[in-house]
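**Student:** Protein chains in written order, with this note's numbering: chain P, 1 to 332; chain W, 1 to 510.
Worth flagging that the hints you see were computed from the coordinates, not collected in a lab.
Every residue, glycine too, gets a C-beta built ideally from N, C-alpha and C.
Partner residues are not named here, just some residues of chain W that face chain P (Cβ under 7 Å, in silico): (1) Val11; (2) Pro91; (3) Ile95; (4) Gly97; (5) Thr198; (6) Asn202; (7) Ala374; (8) Thr378; (9) Val419.
What follows is each chain in one-letter form.
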Amino acid sequence: MRYFTRRVVLFLITLWAAVTLNFILPRLMPGSPADAALARLASTGQPITNAQRDAIQAQLGGANGNIVGQYFDYLGNIFTLQWGRSYSYATETVAHSVGRALPWTLILVGVTTIVAFVIGTLMGVYAGWRRGRAADATVTVGATFLASFPPFWLGLLLLYLFAFQLNWFPITGGYSAGTAPEWTWSFLVNAFEHSVLPAITLAVTSLSGWVFGMRNNMINTLGEDYVTFGQANGLRGRTIATLYAARNALLPNVTAFGLSLGAVVGGSVLVEGIFGYPGIGNLLYTAVTNQDYPLMQALFLVITVSMLVAIFVVDLLYARLDPRVRVGPEGS
Amino acid sequence: MQGDSGNPTLVENFNPFSAASELGGTRLIYEPLEIASPIDGTFTPFLATDHRFTDPRTLVFTIRKGVTWSDGEPFTAADVVFTFRLLKQYPALDITGVWSVISSVAESGNLFTATFNTANVPFAATVAAVPIVPQHLWADIADPTRYANTTPVGTGPFTLSSFEPTQYALAKNPSYWQADNVAPATVLFPAQSTNQVTNQLNVVAGTYDWAYNYLPNVKDTYVSRDPDNIYWFPPGGTIGLFMNLTRAPYTDANFRKGVSLAIDRDLVAQKAVNGYTTGASMSGLVLPNQQKWLDPSLSRRGYVEQDLTAAKASFAKAGFTESNGRLVDGGGRQVSMTISMPANYSDWVTAAKETANQLGAVGISVQLDLPQAAQFQTEIQTGNFDVAMNSFAGTGLPYTDFRNGLASSFAAPINTRTVNNFERYKNRTLDQALATLAAATDEQTQREATYRLERIMYEQVPIVLLYYGGSWGLFSTRHFTGWPSAENPYTLPTSYNNSILVVLTRLKKA
Chain P
1 MRYFTRRVVL FLITLWAAVT LNFILPRLMP GSPADAALAR LASTGQPITN
51 AQRDAIQAQL GGANGNIVGQ YFDYLGNIFT LQWGRSYSYA TETVAHSVGR
101 ALPWTLILVG VTTIVAFVIG TLMGVYAGWR RGRAADATVT VGATFLASFP
151 PFWLGLLLLY LFAFQLNWFP ITGGYSAGTA PEWTWSFLVN AFEHSVLPAI
201 TLAVTSLSGW VFGMRNNMIN TLGEDYVTFG QANGLRGRTI ATLYAARNAL
251 LPNVTAFGLS LGAVVGGSVL VEGIFGYPGI GNLLYTAVTN QDYPLMQALF
301 LVITVSMLVA IFVVDLLYAR LDPRVRVGPE GS
Chain W
1 MQGDSGNPTL VENFNPFSAA SELGGTRLIY EPLEIASPID GTFTPFLATD
51 HRFTDPRTLV FTIRKGVTWS DGEPFTAADV VFTFRLLKQY PALDITGVWS
101 VISSVAESGN LFTATFNTAN VPFAATVAAV PIVPQHLWAD IADPTRYANT
151 TPVGTGPFTL SSFEPTQYAL AKNPSYWQAD NVAPATVLFP AQSTNQVTNQ
201 LNVVAGTYDW AYNYLPNVKD TYVSRDPDNI YWFPPGGTIG LFMNLTRAPY
251 TDANFRKGVS LAIDRDLVAQ KAVNGYTTGA SMSGLVLPNQ QKWLDPSLSR
301 RGYVEQDLTA AKASFAKAGF TESNGRLVDG GGRQVSMTIS MPANYSDWVT
351 AAKETANQLG AVGISVQLDL PQAAQFQTEI QTGNFDVAMN SFAGTGLPYT
401 DFRNGLASSF AAPINTRTVN NFERYKNRTL DQALATLAAA TDEQTQREAT
451 YRLERIMYEQ VPIVLLYYGG SWGLFSTRHF TGWPSAENPY TLPTSYNNSI
501 LVVLTRLKKA
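All chains, full assembly: derive it from the sequences and hints.
**Tutor:** So, in structure tokens, the structure goes:
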């Protein structure tokens, strides 16, 4: 119980620090929201004027109040989910923008993270078990090869080959232009087709981390006495590999998996950008380029909170998986 | 029609006064009085049939009769007056700053009169471009600055037919006053990616009838893919080096001239935009668009050739000499220059690199500074920069171009913001020429005053103009013909501003 209380208190303190940083950091960015809007107009090549800046400043309003007052408003609004209005989408509340983008990222990045974790871990177990043999070499070299692909580069390559040249998949978007999200078979198929290339990009580039981690843990664990003991007792190789070695080797990977599940919410800015995917990563890009403080705050808040929650859950889970953590040093 | 970048989804906003987030299709729903061509300032009439100045401060539009709103209500001059008063009441809506010049508006019959504070004839283009909204619907809106206007009612050639975050569709307005001139039955605006390469692939894949996108090697990448594909890349504005004129040595016109003479402008254009446009004329005009205003006494139409001997002579006049390949001042210190531009404007960055090479060859030490676009805006507005890349001109109107870029009244002190004349040029002669041009209603006076402005630009070099920024129009003639072209340059091929209304009322079915 003490372990649990300690974790909760630590969680709350970290949360407050993260939330406060989240308020300060966007405001430390050079430039201002009005200048960002003006820069966007200027980037289209049209002449911009002082009158335009004045009007934009007036439309954005609010951002110039007392900074301390803004901070307490912000703290209060966090708990009521009243995140205000976005500067980039003047007519929409931030909560609405985030709510619209979140499911797309959760499904795309979440599913690929889980798939990459499962496949990568299994491959790591296999490579570790067959260490030094041809199978190990194939998996290790293959994973090194894939790990050296930057996601945006692989994304562009897949886009060019399979979407542009071969026409197998659509080029952009989460679903076809002119359709709206709905629970019909045809829409789901359509959304699936759009998600294939970004999913492959994300899965392939994150796979190798799991493979390496698991393989190296396996090799360490396989050197333990209990493995030798199992072998001496005549247990089958597969039984030792999966039930004894892999179970213990999995622990560090679980921590990493928890963290990467927490990071899912942040999306993948580069990959979502390339495929024009309607998720959080793209929204974050828009928010940052427009110096959209309300939207940035909300997004960073969602990201940090889910990260902290993931760490918290992993901590608790660890106590179950590995009793040594729960008991602490005095118990050993 | 490639019109809106959705980032990556579109948010419904058809408020024509939303500075930063309105959707491009809004410009096909609401019409202005007239649209001045960004090429040469020629007016295309919409809700007004014509305009005239009864004196240089009184602008009278004749309002078109027989026009109805898309909900069937009649359109009158009262709607025009209402719209202008709305902008006065809510300065946040006045994104073109009409009330900085207008002092009052009035109607009588089918005449709409705008009275100006000061004589400003070229400002007619800005007044004419205000989109007109219906009084019977907009009078009741509580806060028009936050109004998303999801069921827009306008007088324009199209009405909103469907909206999804990935795409919206406009359908032809059957009761449009010039419905015979509108060929497309529907216009689709799909959302675009934030990624430039992805957009280029979409364009090349033939998704659009009209796209606006820079494509390298356009003949191979676009034109050769379909016999219907055509392109037109006319110059839109001028990209130049804006030196901070409050800092030495940029205060010295001889130094600026030296810089101007040291640069091979066509080579810069070749590197920056694939040679689609040429080096810029130091007249300050966008050529050939504004040909008719060009001072015939300027040698070589204002184009300045690279001439290193003359450059060195000019630097020497400013007190700088070459020593061991370095351009040094009297104390032996090398001239150092930092050119800044937004990191994501790749053509500017390429142009700056080439310029830096060429200036390095005359012994100036040049560094590049690449901040984010918003930070760059803050730096130039507050005057905290050394040399900045930026654009000059592009409205089609010499007065507006020169005034925005060079008028002394905009030259704010350092740390006070100004978007216009951020290089902080001050020249009384130029201000007088601007005032003359503002008040001139006859072409001869206008011509003479414009020539004076061009000669100041050419001789004093307040801005070192480098090359013409292109306007990247990509068209397909499969469904429609009559796109703007070099043979018929009635407007720029910019789908993101009100040129779209001019083009879509001129297309013919293929």
